Amino acid sequence: DAGVTQSPTHLIKTRGQHVTLRCSPISGHKSVSWYQQVLGQGPQFIFQYYEKEERGRGNFPDRFSARQFPNYSSELNVNALLLGDSALYLCASSLAPGADSYEQYFGPGTRLTVT
Amino acid sequence: GDSVTQMEGPVTLSEEAFLTINCTYTATGYPSLFWYVQYPGEGLQLLLKATKADDKGSNKGFEATYRKETTSFHLEKGSVQVSDSAVYFCALNDYSGGGADGLTFGKGTHLIIQP
Chain A
411 DAGVTQSPTH LIKTRGQHVT LRCSPISGHK SVSWYQQVLG QGPQFIFQYY EKEERGRGNF
471 PDRFSARQFP NYSSELNVNA LLLGDSALYL CASSLAPGAD SYEQYFGPGT RLTVT
Chain B
11 GDSVTQMEGP VTLSEEAFLT INCTYTATGY PSLFWYVQYP GEGLQLLLKA TKADDKGSNK
71 GFEATYRKET TSFHLEKGSV QVSDSAVYFC ALNDYSGGGA DGLTFGKGTH LIIQP
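Heads up: the sequence lines are chains A and B, in that order.
Under my numbering, the residues of the first sequence are numbered 411 to 525, in order.
Under my numbering, the residues of the second sequence are numbered 11 to 125, in order.
Hints are not guaranteed to be accurate.
Said to hold, decoys possible - Listed next, the in silico DMTMM-like pairs over lysine to aspartate or glutamate satisfying Cα-Cα at most 20 Å (straight line): (1) B:66 with A:513; (2) B:117 with B:104; (3) B:62 with B:12; (4) B:87 with B:18; (5) B:62 with A:513; (6) B:117 with A:464; (7) B:87 with B:26; (8) B:87 with B:65; (9) B:66 with B:104; (10) A:440 with A:472; (11) B:62 with B:79; (12) B:70 with A:513.
Treat the hints as calculated values from the structure; they're not laboratory data.
These numbers come from a predicted model, not from an experiment.
All chains, full assembly: derive it from the sequences and hints.
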C-alpha cells in the first residue's frame, strides 16, 4: 500500500502570493493533520481534519486554511505569504482522532521557500 | 499547555557507543509518548511509542520507558551505527476526546555517528 503522498516536493513563492499544498492519506485513513517544520525546529501542529471537518487548530493565523475532500485527501492553503512561512510542510494521516494508539503516519513533506 | 523538552544537539558519538537522548514533558492530561526519526531530506518515521506509565517502547535496538513520576521518556540504544545518524524528535499526544489529536514535538536532537 502507498504511504502518505504530498505534492509538490518543492515550491518557491514570492511574498504576498498564495500557495496550495496537497496531501493524500493512506488508504482507509480518514484523518489528515498538517504540521509546519521550520528549519532546525520540531514540527508544529497547524490543524487536523476528520470526515471533512476541522477538528482542531494550533496557534496559526487565519491566513492558513485547509479543506478535506470526499476521498479524504486534503489541501493546505496559505494566503499573503510572509518570509517566515518558509518551512517544510508535513502532512500526517491516521484512522481517526485518538485511534490506533494515536499513531500518525507522515508524508515526505513539501519544502516551501518564500522570497 | 503541553510541551516537550529534549537535549540540544548535535550529539556526536563513535560507532558502537551507548546512546541516551533525554526527553521530558509537561502535559495537562495523560499523554501517549513517541520518538520519531527524520533522515536527511525525508519526512518523519515513527521509531517507537508508549501509551501508559512504565510501558517500554522498542524498535531497531532503540528503547524508551514511560516514566510518569519523572515525566520523562529517554531514548537509549546500546550500540549505535553510522546508519543511525539522523534527527530524533520526542513527541506527545494528549488527546482527551472530542477535538484534535495533534502531536506536540520537541525541537529535535541531531545525532551524528562517526565510524
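TODO: List in ascending order the numbers of the hints, as given earlier, that are violated by the structure.
DONE: 6 and 10
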